[in-house]
Amino acid sequence: MLQLANAENVRAEAQSLRQSPFAIRGLTVSYDQKPAVFSVDATIEPGKLTAIVGPNGAGKSTMLKAALGIIKPLSGQVTHLGRPVADEMHRIAYVPQRASVDWDFPVRVIDVVLMGLFRKTGLLGRLSGADRKHAMACLERVGMTDFASRQIGQLSGGQQQRVFLARALAQDADLYLLDEPFAGVDAATEKAIIAVLKSLRAEGRTVVAVHHDLSTVPDYFDNVLLLNVRKIAEGPVATTFTDENLGAAYGGRLATARIDPAAVAG
Amino acid sequence: MFLEALFFQLGYNATLVTFGATLLGIAAGVTGSFLFFRKRALVSDAISHATLPGVALAFIVMVTLGFDGRNLPGLLLGSAISAALGLFAVQWLSSRTRLTEDAAIGAVLSVFFGFGIVLLTVIQTMSSGRQAGLEGFLLGSTAGMLYADALLIAGGGALALILVAIFRRPMMMASFDPEFARSSGINLDRTDLIMMGLVMGVTVIGLKIVGLILIVALLIIPPVAARFWSDRADRVVVIAGGLGGLSAWIGASASAVAPNLPTGPIIVLTAFAIFTASMLFAPARGLLISAIHHRNFQRGVHIRQGLVSLAQGQPIYEPMTIRLLRAEGLARADGVPTPDGVARASRVLRDEKRWETARSDPALEMAAARYDGLTQIEDVLTPDQIAELDTRIGGPRGVTP
Amino acid sequence: MSGSEFVPLSLTPLIIGCLAAVACALPGNFLILRRQALIGDAISHVVLPGIVVAFLLTGAISATAMMLGAAVAAVTAVAMIEGIRCFGRIEAGAAMGVVFTAMFAGGVLLLELSDTSGVHLDVEHALYGNLESLIWLDATGWGSLLEIDALKGLPPELFRIAAVVVIIITLLAVFWRPLAISTFDEGFAATLGLPVTVISLGLVIASALAAVAAFDAVGSIIVIAMFICPPAAAHLMTNRLGAQIAWSVGFALASAIVGFVLAGYGPLWIGGTDAVSAAGMIATVSGVILAITAVAGPRRRAVT
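Chains as they are written, first to last, in my numbering: chain W, 1 to 266; chain P, 1001 to 1401; chain S, 2001 to 2304.
Bear in mind the hints are in silico, worked out from the structure with no lab data behind them.
Every value quoted in this text rests on a predicted model; they were computed, and no experiment measured them.
Built from N, CA and C at the ideal position, the CB exists for glycine as well.
Each statement offered as a hint is correct.
Partial chain P-side listing against chain S, Cβ under 10 Å, derived: (1) L1035; (2) L1042; (3) R1096; (4) L1099; (5) G1106; (6) G1114; (7) G1116; (8) L1119; (9) I1220; (10) I1221; (11) V1224; (12) P1262; (13) F1272; (14) A1273; (15) F1275.
Given the sequences, and given the hints that come with them, work out the whole structure.
Put into structure tokens, the structure is as follows:
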């Protein structure tokens, strides 16, 4: 069962690294000597919608943050089309969890979207009228133009999430990474967000989202990455999103939940 | 001289002061622990700075009424009233406006202090104000302390300690898990009030010895230092009391030898020295022991990941992994495993496989949760359970670890 | 009051008070929004040991050495706080409490132990400053503002604080967007490639510069009022960052002017004979302004 590194393996590996917009190798993150993410390899397919799924505390958000260098991993390498992610950040847009932001901050919706243009204008650059127009167009895509001058904290959770998505759109990236974009949002927002994500896919961009609602995975996503500290499985929803893999990811919990109580009693 | 002071042989007054300071240090360390667990350590900074206008106003009132303005109980009563006002202002600002507690603390401490300074300059212009000596309350002083004052401080320290002993249980529960404490019938508001009352009491008693600017150190530093010695809250409280008492005892003794130096800074620096030693060398959570653990853990993870990659024929990218594998004699510089490495790799792979199987078995879920990437499954499961797993895995068997 | 009295005795302390208040209020806005108000507290406490050590090393009080000493002390303090927080796994507030009290105590003790009789540095001065002493003796009236010789006699503290105000305004104008973005959403700022640690340290250093320049005038504790009160009051007035900063500057100037006038002339109005501490009065007025906005500010309530 033991195979040694051979030329063919190495070639195939190099090939998949070159093609994947988000390839993770041997990523381990630990808090206090308890790994939150352990030795994860993942190869995200280009031009697809991929869900990262797993139970609470499975390290989904941690993996994303560590892959982007927001928190420091213990080990591991992450590449975008074969180059280190750290050098390719301008091709990547990240939408953090809503809870990670200070909603009391004195800033308007349109100002938040304009933050997405920071890469383009640079450190000292000033914003032009065209930039503002572009930001408004991004708000239009998420249906939030009417709220452009509101203070960000005055919006509902779903509206805030849409503004974050608009900011990511303004970044005009190849790869979109979203951390729980559907957490605590209303049904209308969920629909609006998934429509935008699908339009990004139609434009040939890659979208990866941490997701917690198992029932919508087959409707929303093409691929799935099952995670519980370690990677359980990855691949197309049809072949990967199986009861067996889910059981492995969610441990006994999901499996037990599906067992008929009467049978257990008997 | 210092040794004599340390062992209470410098005359009755100095002994009483040192004794009182030690009691105060113990009470402060214990009280401060609850504040620290509650993550509100710096509220005490607002409380202590807020005492200044009270001290000054009490002086003015006492002089106006024809009493001696330096009467310590009167000054301390005034300080307690204005400290309570300051605490109320912090609570009000952080609950009724959008300001966060840290902004409220900073605003209250500086404004109350500023107003206190205004009052101090008023006192300096009063005929009886020149020798008021209220500046001693800023940084603490034990020089020229009256017998009655020393007695008051010693008594106050003892009283604070008794109150802490009485209320320790509700305070512990409220600081560990407020929601649970509430559900088990503890009145959170009242417990918080008691906690803050004790903090205020310690502050007021400590004003004369440590001074209002630095008294907060006696509430914060010993608990933080104690945290490095234990992971159990009840022990942290006791250790914090001990360290606080030790700091105050040594500091007050040193200050008895050098009466011209302010007492507060000496006590605080003693506490800080104890803190530094604790942070570096404490065996429970000290930096030295943590660094060693972390290094071993990181090495273990790298080696295990490297072995898994070797076993699956995947290339290893990380220079650190290859270096560690080489150092252990498990692989060559080009990433090709040595015979020893091949053997270890297959064992690791089998271990991983067993864990994987264990994880998908509801009966083994508790044990499987102990997986951390390093623990061998043999340490968690019985040989029978492992044999059972192996029959499920199938494949080659018989390699003994 | 005539110019011949006002200009030499009150004009320069008033201007220095105003500049100090503005210098602190500007970075204070960001400290408050970053939930780091107490970093301002810590910085202002450690300015004292910074200055004392700089004095002991150079043997004289020079502006450059003081600024450098204070900046080094502030960065050291922040590094220690972060070290205790990350490696010791201690909550930030407690870590701050450990560091700034210890450093402040060290500063006080060093100051008491060293011979500073020849220079203008003592503990009381360090605690609450001496704004009233920063007078312009060469002035004889408003006309002195046009006399080169008289202008040469302006207190050096005035130029120091003016230079710091200019530096801080420049930094703020240049780094406005990165500062605003990383304050609002640090994780996002990091993915933009912004050096979030450098930005946050830069803010600390700017605050330390403001604190040391204001130190002469108001000492190390009342400085905290200038860092926190005007921006906190401004935060209760508006939901726009630019507007908040404008309000905070207005409140800072109002505190400085009203506080200085009340301290100097207030006691005379009510029949007293001597002025009271101007620095203390400025802090008091800034507190009154904050209290008013907390009761009546249009944006005083939390939004969520």
